[in-house]
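> Chains as they are written, first to last, in my numbering: chain L, 1 to 182; chain P, 1001 to 1487; chain Z, 2001 to 2492; chain Y, 3001 to 3118.
There could be a bad hint or two in this list.
Only part of the chain Z face toward chain Y is listed, based on derived beta-carbon distances under 7 Å [stated by the list, open to error]:
| no. | residue |
| --- | --- |
| 1 | I2023 |
| 2 | A2163 |
| 3 | L2167 |
Don't read these hints as lab results, they were simulated from the structure. As the structure is a computational prediction, the values presented were derived from the model and not from experiment. A virtual CB, placed ideally from N, CA and C, is assigned to each residue, including glycine.
These are the residues of each chain, in order.
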Amino acid sequence: MTLLGFLVATALFVVQARNLFVSVILMGLFSLLVAGLFMVLDAVDVAFTEAAVGAGISTVLFLGTIALVAPKERPVAPRSRRQLLPFLVVGATFALLIFGTLDMPLYGDPNAPIHVYVAPRYLEQSATEIGIPNVVTSVLASYRGYDTLGEITVIFTAALGVMMLIGRGRKFPRRRRETDEA
Amino acid sequence: MSPETAIIAALAVPALGALLIGLAGRVPNLREAITLTTAAALLAIVISLVLAWFDGARPDVTLLEMIPGLSLRFTAEPLGLLFALVASSLWIVNSIYSIGYMRGNAEHNQTRYYIFFALALTSTMGVALAGNMLTLFVFYELLTLSTYPLVAHHGTPKAVRSARTYMGVLMATSIGLLLFGMIWTWQAAGTLTFTPGGVFEGKIYQPLTGILLALFVFGIGKAALMPVHRWLPAAMVAPTPVSALLHAVAVVKAGVFAVVKVIVYIFGVEHLRTVINFDWLSIVAGFTIVAASVVALRQDNLKRRLAYSTVSQLSYVVLAAAILVPISVAGAALHIAAHAVSKITLFFAAGSIYTAAHKTEISQLDGIGKRMPWTMVAFGIGALSIIGLPPTIGFTSKWLILQGAFEAQNSVAIGVIILSTLLNAAYFLPIIYVAFFRSESGEAAPHGEAPWPMVLALTATAGLTVVLFFAPGWPLALAQELAGIVR
Amino acid sequence: MINSQLPILQVMVPLLAASLCAILPFRRLTWLIALAASLAALAISLNLLVLVLNDGPISYALGDWAAPWGIEYRVDALSAFVLVLVSALGSIIMVFAPTSLAREIDADRVFLFHAMYLLNLAGLLGMAVTGDVFNLFVFLEISSLSSYVMIGLGRDRRALTAAFQYLIMGTVGATFYVIGVGMMYMMTGTLNMADLGTRLPEVAATRTVIAAMAFIVVGLGLKLAIVPLHFWLPNAYAYAPTVVSAFLAATATKVALYALLRIVFTVFGGPAMIGLPVDQILLVLAIVAMFGASAVAIYQTDAKRLLAYSSLAQIGYMVLGISFLSATGLTATIIHLFNHALMKGALFLALGCIYLRLGSVQIEKMAGLGRRMPWTMGAFVVGGLSLIGIPLTVGFISKWYLIQAALERGWWLVAALILLSSLLAVIYVWRVVEVAYFQAPSDDMLQLREAPAVMVVPVWVLAGANVYFGVNPQQTIRAAQSAAAALLGGGG
Amino acid sequence: MSFPGLINYWAVAALMMIGFYAVIAHGNLVKKVIGLNIFQAAMFIFYISMAKVRGGTAPILDDDLSVFSNPLPHVLILTAIVVGVATTALGLSLIVRIRDAYGSVEDEEIRAIEAASD
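Isolated chain L (complex conformation) (with noise of 0.2 Å):
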C-alpha cells in the first residue's frame, strides 16, 4: 500500500520535472517501485523482467536519447485552452476507470473468476503436463507460447525499425536523392 503511495508520488514527481534528465533517473527508481511491488504481489518472474527491462534497458534508452537531443524541456505555456482539454479527457478516463472498478472483485479475493476458471489447470496439471515448477514459464513457453512468439516478433519489429531510422549516421533532412531504378 505504501508503495502504491510511493509509486504515485514518483510518477507525479517525474512528470513534473522540467529537466528530462532527473525526470529519467526518477523514471527508473519508479520501475524499481513497480518491480518492488510485483515482488510483493508474488510474481517474481514479472518483477525481475521489469528491473531488467522497465529500470535497466528503458532508462538507457531514455538517457541515450535525451544526449542527443534536449535535456531540458520546455515550460508548457499557460494557456487555459491547451490545459482544459487534456483535464476533461483524462478525468472522463479516471472516471469511466473507478467507475469501472466499483463492480470488480475484491482485491485477492480467492474466489474471483480468474482464480476459479482456466488459471487452476496451469496451477493443477503444469506439473505433470510440462514437468517445470514455475507455472509461469510453463505457461509462457507452452501453454501460450505463441503470445511469446509475437513478442518476439515485437521485439524483432522495433529493431528492424530502429535500424531503418536511424541506423548508419544518418542525418535528416537531406537532399531528395534521385535513385535510379535498374
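Since chain L is already given, all that's left is putting chains P, Z and Y on it; use the hints.
Showing chains P, Z and Y alone in chain L's frame:
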C-alpha cells in the same frame, strides 16, 4: 436476329462504336465513317426490334443479377421502343450535322467528342429498354456521366462551371432523391420490375404515395421540372450538336420518359387515380410550362431561349401523363417524338447560324432569312411544330393531350395548354419575323448557308416534322399501344 | 493434412518471409520473397474461405492446447473474408511497389521495408485469425509498430511527426484495449473469445463489464480512426510513402474494424447486451464522420490528404452499418469494408503513379493530367465514381445495403443523410477530375509520360475489381451475409 | 500488506491518469513517451494486482504450498512489458529523427516551424 439479340446489340453496337472511334482517332475520315455506320446499324437494329414487337415478340433479357432479386434486365415495350426509335434515327441525322459543325468550327478534341457521343447513345438505349427501375437508374447515371465531357467540351472556365452545375444538379437529384425513392419502393413493394398497372396495389399507405412520387419526379432531374431545371440552360455551353441531340432529345427525353415510365409501370395509372393528393403534379408541371415560357420570352441568346422552351415543353409530357387518361398518355408518348424532331431542327438551325454567321443573339438576326433561306425556313417549321400548329407533328401530340384534358375535365391542364400556346407563339414568331422581314443591320460580314452536311440535316428533320403529321406511322401506333396498356 | 494447418500457416508464412528479408540486403530478391509470401498468404486465405463457407468455422489449437487454456485460432466466414481481403490487396500492392518505392524511399532501406511490410501483413492476418483477445493485442502491436516505421519512411519530414503522433495515439489505443481486456478477464477468468462470449452474459450488467467495453471500443476506435479519435490519420496517410498509404488505407483500418466487430458481437454479444445506447452513440459519431470529414476533404489541396479525409468519412459509413444492429446493417458494413478497400486501394495506387511522374500530388499541379496519363487518371475516375456510389461500381452496392438497413429500422432521415453525404463525395472527387481533364496542362508537363505498366496494371486490377464486384457482387454479398450471420450468433 | 478492497485499484487508476495526462498535455515529445511508460506500467500493476490471492505465494509449484497467485496475468504482463519497451525504443528513435529534421522536440515549436515553411 432474334429480338433478344437485338436488345443486346442495341446496347453493344454504340459501345463498340465508341471503342472503334477511339482507335481510329487519328484518321478523321475513318472516324466519322465509323460514327455514321454505327448510327445506321443502331437504327436498323431498333427497327428490327419494333417490327418484331408488332409481330408479337416480347423479348426479355436478364444480364446480371446485381443485388439478389434485382438484375440488369431489358425488355421492349411501346414507350421504350418509341424512345429508342426517336433517339436512334435522330442520331444519324445528328452525326451528319456534327461532322459539318465540328469541322466548320475547327473544334478541338473531336475524337473525345465522338466517343462520348456514342457512349451517350448506349446509355440512352439502356434507359429506353430498361426492364426495371434499377437498370433504368444505372443507365440514367451513365448518361449523365457520358454527357458531362460533352458539356465541358470547350474547357473554358465558363464551360467547366456550367458542366459543374450540370453534373451537380443531375447527380444531386438522382442520388439524393431518385435512389432514395427506388430503395423505398424496393422496401415497400419488394420489386422494381416495370409492371403494367404498377407494383404498389395495396402495398403502400396512401398519403405516402404522393411523397414517394415526388421523390421520383424531382429525382429524375433530367425531366427538368421546376425547380430542378437549372442544369438545362447551363448545358447550353456545349457545342450545338450536343444541345441538339442530347439536350433536346436523348438526355431530356430520358428524363420525361422515365417519369412516364414510373407513372405507368411503377405507380400505375389506375392506382394513381385513386390517390387523393396527386393534383400537385399537374400544378407543378403546369407552372413549369408557363413560367419557363415566360423566361424564354426574355432570353436574347438563341440557344438559351430554345433551352427554356425545352424546359417548358418537357413539362407537357409530365402534365399529359399526370392527366391519367389513356389518350393523354398516348399524347405524352407522342409528344416525346414530336418535340424531339421539332426541337432538334431548331437547334440545328441555331448551330448553323453560329457556324455560318457567328451569331448567337436573337437581336443580331435581322434579315438573316435572306442569306440562309433553308435554315430559316426549317426553323420556321420547327417553331410551328412547337407552337402546335398544323401541318406539323407538334399539332398531333398537342391535340391528343388536349383531348385527354377535356376527357378528364382537367381545367388546369386545359388552361395551361392554351396559355402556353400563346406564349410559344410569342417567343418564336418574332424571330421568324425579324429574320425575314427586317433588313440587315450595317456591318455584317457577307456569308451564305452553313456547310452542306448541316443544311442537309436540318432540312431532313424539318421535313420529318411535316411528314409525321400526314403519316404518323409507328410513333402514333406505339403511342396508341401504350394507351392500350394504360386503359 | 495440410488443410488443418492452414490457419497457422496464414500467419507463419509472412512472418518467416519477413525474417528472411531482414537478413538479405538485396532489393530485388526481398521483393520476390515479399511478393511470393503475399501470394502464398492469398492462396491460403482463399482456401480457408472456401473451407469455411462449405464446412463452417475452423478452430485450430496452437501447440495442441485446447482453448481456453491455450490460444485458439478461429476462422469463420468473417475472418476468412478479411484474410482474403488483406492478402489480396497486399499482393496487388506488392506488384506495384518496387517502382513506386524506388522513387519514394532510399534504396538501401528497401529490403528492410519489405521485411516491415511482411511483418505488418503477418500482424494484420494474425489479428484476423486469432480467437484470443490477448493474442490479438500482440498482433495489433506487431502491425502497429511496423506501420509506424513504414510511415516514418516518407521523404517529407512531416512523415516523422505523423508517425510519432500515430505511435502515441496507437499505443494509447492499445493500452486502452488491454485495460478493457483486463477487466473482462477479471470478470470471467478467460481470454478466449468464444469462451468469453458464453461466460460474459452472466456478468453482463456489472459496471466493470460496461467499462471494459468502453475501453475496448475506444482503444480499437483509435486504431480505426472513428471520429473523434481520428487525429493521427490524415497526416499519416498524407506523408507516408504512397504504397504504405494504399496498404494501410486498404487493410489496416479494415482489420481494426474487424477486431471491433469481433469483440462487440462475438464477445459481448452485441452492444444491446450492455444496456447502453451504444447504437445511438455510434450513429451520431458515424454521421459526424460522414459529413465532417467529407466537408474537410472538399477543402484539401493535397490529393492524398483528400483521400485520407474521405477514408474517415467512409469509416463513418461502416460504423453506421454497425449502429443499425441488424443483419442487413452488418452486411452493409462488411460489404463496405471490402468495397472501400478496393476503392481506396485503386485511388491511392493511382496517386502513386502520379507521384512517380509528377513528384507531387497537389491537385492544382494535376492540370491536364487526363491526357498525359490517361490510364492512371482513368483508374482514378473509376475509383472516384465508386467512392461516390455510382451504379455498376462497388460503391453503389454498399450504399444500397446501407440505405436498406436504415429503412428497415425506419430511420428515414438517416437514409436521406447517407445519400446527402455521397453528394459531398461527388464534390471532392469532381474537383480532381475537373482539374485533370478540363484544365490545360502546364508546359513542363508536356514531356510527362504514362506510368510504367508494372504500376498501371495493378491499379487497373483494383479499378477493374471495383467494376467487377459492382456488376457481379454475388460472392461479396453472400460472404458478407454469412459473416454477418456468424457475428449475430447464427452460425457462431 | 493489508487487503484494502478496491483502494489499490483506485491508486492504479490514479497512476494511469498521471501517465495519460503527461501523454496528452505535455508538448515535449520525450515527456510524452515517459508518460506512455507510466501509463503502461500502471496497467501492468492492474493485471498483477488482480492475480494476487490472499495468502498465496508466487506460482512456483512446491509440495509445501497450496495457494498460489494466478500465473496467467504474469505471463500476459511479461509479454506486455516487452511490447512496451519495443514501442519506447521506436518512439525514441523517431524523436531522434524529428530532432534532426526540425531542431526541436517540442510539439508547439514543430508546429510553428511547419506553419512557417508552408
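> None of the hints should be skipped; say for each whether it holds.
Consistency of the hints with the structure:
1. For Z/I2023, the shortest C-beta to C-beta distance to chain Y is roughly 19 Å, which exceeds 7 Å, and the interface hint is violated.
2. With a cut of 7 Å, the hint placing Z/A2163 at the interface with chain Y holds, because the nearest CB-to-CB distance is about 6 Å.
3. For Z/L2167, the shortest C-beta to C-beta distance to chain Y is roughly 5 Å, which falls under 7 Å, so the interface hint holds.
When the structure is compared with the earlier hints, a violation turns up for hint 1 alone.
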